[in-house]
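A.B. asks: What follows is each chain in one-letter form.
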Amino acid sequence: EPEVTQTPSHQVTQMGQEVILRCVPISNHLYFYWYRQILGQKVEFLVSFYNNEISEKSEIFDDQFSVERPDGSNFTLKIRSTKLEDSAMYFCASSEARQGNTIYFGEGSWLTVV
Amino acid sequence: GNSVTQMEGPVTLSEEAFLTINCTYTATGYPSLFWYVQYPGEGLQLLLKATKADDKGSNKGFEATYRKETTSFHLEKGSVQVSDSAVYFCALSSNTGNQFYFGTGTSLTVIP
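Protein sequences appear in the order of chains A and B.
Counted the way the numbering used here counts, the first sequence spans residues 1 to 114.
Counted the way the numbering used here counts, the second sequence spans residues 1 to 112.
Bound conformation, chain A alone:
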């Protein structure tokens, strides 16, 4: 069964460093997402991406964050200058369409900022 894959599974970085989290969405999907889950808290929406541009973003997704689809398969989340509070599990997801369509999640990238 096709799946969303994410790398790395775990990354430790120093505060202030840049981090890039990578994702390969399901190949025929058109909508891509990033969510995050701080330990013990709810899963929060960060951003959605369609047709090579951001279609929606939350207030969490500030200027420190950016997303990119550098080629036909990868979808990346960059955190420009990490803060301690960015420590979380980051989930990439994709869907065929919007508005009620099921989204499929990757296994997550656990980011620890020290």
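Because the hints were derived from the structure by calculation, they are not lab data.
Take these hints with a grain of salt, some might be off.
[As the list claims (entries may be wrong)] Here are the simulated EDC-like cross-link-like pairs (lysine to aspartate or glutamate), alpha carbons at most 20 Å apart as the crow flies:
#	chain 1	residue 1	chain 2	residue 2
1	B	LYS52	A	GLU96
2	A	LYS78	A	ASP63
3	A	LYS78	A	GLU68
4	A	LYS42	B	GLU42
5	A	LYS42	B	GLU8
6	A	LYS78	A	GLU53
7	A	LYS78	A	GLU56
8	B	LYS60	B	ASP84
9	B	LYS68	B	ASP55
[As the list claims (entries may be wrong)] These stretches of chain A come out as covered by chain B in the derived footprint (C-beta under 8 Å, 3 or more residues):
#	stretch
10	35-47
11	103-110
This structure is a prediction, so every number in the text was calculated from the model and none was measured.
For glycine and all other residues, C-beta sits at the position ideal for the given N, C-alpha and C.
Starting from the known structure of chain A, fit chain B onto it as the hints suggest.
C.D. replies: Okay, now just chain B, sitting in the frame of chain A:
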């Protein structure tokens, strides 16, 4: 706005016990409703979904019915197994946007 309120955990049950995890929602428009499950060390997996009122989603013995009148989507299973131990997330997808709104998750532990 859109939000999901989910029963607080953790929940501990004996094998073969009946499970209910409550979920209520607030939404604009006509949302689709989902239950996702997160097994230890893994990502979020779709468990079941319902896209309109009175629909029942079911999978692996789990069921949930979309109740518009009570704005609820409670998850039930008649006889839980140890392998059902996981965190369960209720979620909604509004038909006015393309993001999901998740509940806080309910941790379930099933003991033999």
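A.B. asks: Hint compliance check: list the failing hint numbers for this structure, sorted ascending.
C.D. replies: none
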